[in-house]
Amino acid sequence: MVLEVHVWGPAFGLASIDAECLATVAYLKQTTTPTSNLPQAANKYDYRLIQSSPSAVPTNRLPALHDPSNNTWISGYSSIISHLKSTALPSPTEKYHEHSARKQADSTAYIAFLSAHAAPLVALSLYVSSANWAATTRPAYSAILPFPLPWVEPPAIRAAMSERAAHLGLSSLDTDAEAEKIEAAETASAAAGWVQVPASIKQKTRQKTIKESMTPEQKSRIVLEGVTTDVLDVLAAVDWDEQTVELRCLAFAYLALMLVPPVPRSFLSEVIGRKEFWGLCEFVDVVRSSMGQPSLLYWETPSTRARLISEGKKTESPSSNTAVALTARFAHGLVHDIPLIGQEWRRWWAQRRVRQQQQSKAHIALATVGGVVFVAANVGLFYLYKGLLPFGAPVQSWRAPVTLGLSGFGAAGALFSFPEL
Amino acid sequence: MLTVNTPPAWRTPRMPPVPRLLQRLFDSVPLVTYEANELPARAQVSSDAELPTLYVFASEEDARLGAPSFNPSCLKWQTFLKISNLKFTLRPSTNHASPTGSLPFLLPPPPSSPSAKRNPIPASKLYDYALTTNNNSTKSVHPVPSLRQEAYQSLIDLPLRNAFLYTLYLSPEHTALLDRLYIQPASSSDLVQLALRHQLIRAAEAEILKSTHATSGGAAFAGGVVDSDAIYREARDALEALASLLAQSETGWFFNEKEPGLFDASVFGYTYLIGEFFDHHDEGDRSLGRMVRQTGNRGLVRHRDKLFGMLWPDLLVGRRK
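Read top to bottom, the protein sequences are chains A and B.
Residue numbering for the first sequence follows UniProt numbering, starting at 1 and increasing by one per position.
Residue numbering for the second sequence follows UniProt numbering, starting at 1 and increasing by one per position.
Be aware that one or more of the hints could be misleading.
Derived DEER-like restraints, expressed as beta-carbon distance ranges [claimed, not checked]:
id: 1; chain 1: A; residue 1: Val354; chain 2: B; residue 2: Ala186; range: 45 to 55 Å
id: 2; chain 1: A; residue 1: Trp299; chain 2: B; residue 2: Ser189; range: 55 to 65 Å
id: 3; chain 1: A; residue 1: Thr301; chain 2: B; residue 2: Gln184; range: 29 to 39 Å
id: 4; chain 1: B; residue 1: Thr133; chain 2: A; residue 2: Glu270; range: 37 to 47 Å
id: 5; chain 1: A; residue 1: Glu242; chain 2: B; residue 2: Asn256; range: 17 to 27 Å
id: 6; chain 1: B; residue 1: Arg202; chain 2: A; residue 2: Val354; range: 10 to 20 Å
Keep in mind the hints are simulated off the structure, nothing from the lab.
Backbone N, C-alpha and C fix where the C-beta goes; we use that ideal spot for every residue, glycine too.
Full structure from sequences and hints, please.
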């Protein structure tokens, strides 16, 4: 059996939009050699890449490695690497295996450093910055997620990534959130009864100041450069040719995601492009060219999948992109967005899913039932709402009572009217 | 006759005679004026105003003795200040008291001129403070941390911290310890304790997920499910890497330094507390205490004991008894 490796799909000319997934692909590509004596074309390689999203795998996390022979799921870069090393699968090239204790310790340390410090930088550039998110990252997600999911999953990812970079204190790059904040402050001051300058006067009377015409990236440029060079200085001091494969792959993944995506506010690639970091650029180029085109990797296509299923080598799994599974995933995304209940629902569901890893059949049945019930409930609610009597007439009109004579003048008329005798 | 009728000298004629009954009572219960009570022990701390005060998580007695704090980050800075030979007093506190929202922080001694401000120093600036206030009595100036040191520092901040958080907050064996350290000192009301425990556990969980699911918003999908096997495996790898780093050094301190430095303090912050709290349960593979003892030929244990003996010699004597 071949190993199934579930990863986020390709983007920006890289094999994956996500750093750990990209690193996993690079690791497999560099350590695996094709086993040539197998007859079937689909079995020629020891692993197969499957484009996926965390909502499709039982561990709720990508990259995920599925071993169909014993139906185990392993997710996360370091877990996958240690699993691959312990099982000695797939056939690794020997030269990477013997490392001194010092090199092994360095490898562990720099891997931790990358996840602690490089991940927030990538999050800033691709997710927090509104301009980059709208122009580059969101379209990339739309391209790799099947149809209804781009509506629910990318915003959740963006929120989580903003959280990841929150400690850097650069949330001002997220202009959407900033605009919301300003709006909230304005409504609050209006509610408190402060005199407001009308928007029409505010806009026209004066030209924009320099500060106002700057983008948020330009405003916080000094801070951005500071946090970026802090991280890159550490990475530039490493001799990458001498490091372990797993570290090289992870470093490549993070640096490539800083350098490659065509973002409009390219503060990261500008800093890496400087002379002192040329070594890093070169390193990225070398690894990238050794990986080749992402489309030439061993992706699972619908045709190979159909053939494998028909040959009985693979069973339909919840990661399939069937309409039912997609609807269930979409419904989950929707439920998660409901305030208060959403978080608890997600928690309950994720824990249940981890428990049920072994029984994927029961799982898909449950997902189907859940999705159908949710959709049915929504449809039912909609018709119930339509069927209700309208709350009052759609058009309300008030008429003043028509009165004749002096009493029509109210108090003034009453003055002139004669008291009844 | 005459001598018999003479009243005693104290019985002045103007005073009415004390009734016999009362006199007997007062004779059997003599009035004694005790000396004034001593001030409570903690009052000495606040009177010791010329010393800076470090606010940490600790119990009252531990703070009075200057014993190690039970919070890794507080212990790190406490150790570092002790290494830098800076004299300071310790006060127990909570996050609510801190200007940054987290402990530790240091309140410098009141300045000589009354107009100058007395600003608290958060943990992020303690290193610079220790450097600038170094006078002649203190040891050599600490060097700027090297780039390689920063990489190794993230081993402590990420895998080791996650494993510590998981063990203390999320693993059910240590709920009693969590209650004793963080929850019972905060409130005696069961209801408040329940809410606080829930909050702390959720916060720890979110913190772990945020850093383990580093990329692509994995935390958004995780739903609070923490992969504990991965956390303990990464912690073991981290401890092995640290032990191997220590073995490369010839002086017994990290990075070949002649004197212990900030990095030694941050490692000690975890290894000491792991030894104190998590070494008594027999949890097999998941015992952090066992990991510290077994990795790298007991190098981390020797490092811990050496530093403890150097900084808390009086406590070491007390413990040996």
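Here is how each hint holds up against the structure:
1. A:Val354 with B:Ala186: 45 to 55 Å: With a Cβ separation near 32 Å, A:Val354 and B:Ala186 fall outside 45 to 55 Å, so the hint is violated.
2. A:Trp299 with B:Ser189: 55 to 65 Å: With Cβ atoms ~58 Å apart, the hint holds.
3. A:Thr301 with B:Gln184: 29 to 39 Å: Hint violated: Cβ distance 60 Å, outside 29 to 39 Å.
4. B:Thr133 with A:Glu270: 37 to 47 Å: This hint holds: roughly 39 Å between Cβ atoms.
5. A:Glu242 with B:Asn256: 17 to 27 Å: 20 Å, holds
6. B:Arg202 with A:Val354: 10 to 20 Å: For A:Val354 against B:Arg202, whose Cβ atoms are near 18 Å apart, the range 10 to 20 Å holds.
The earlier numbered hints that this structure contradicts are 1 and 3.
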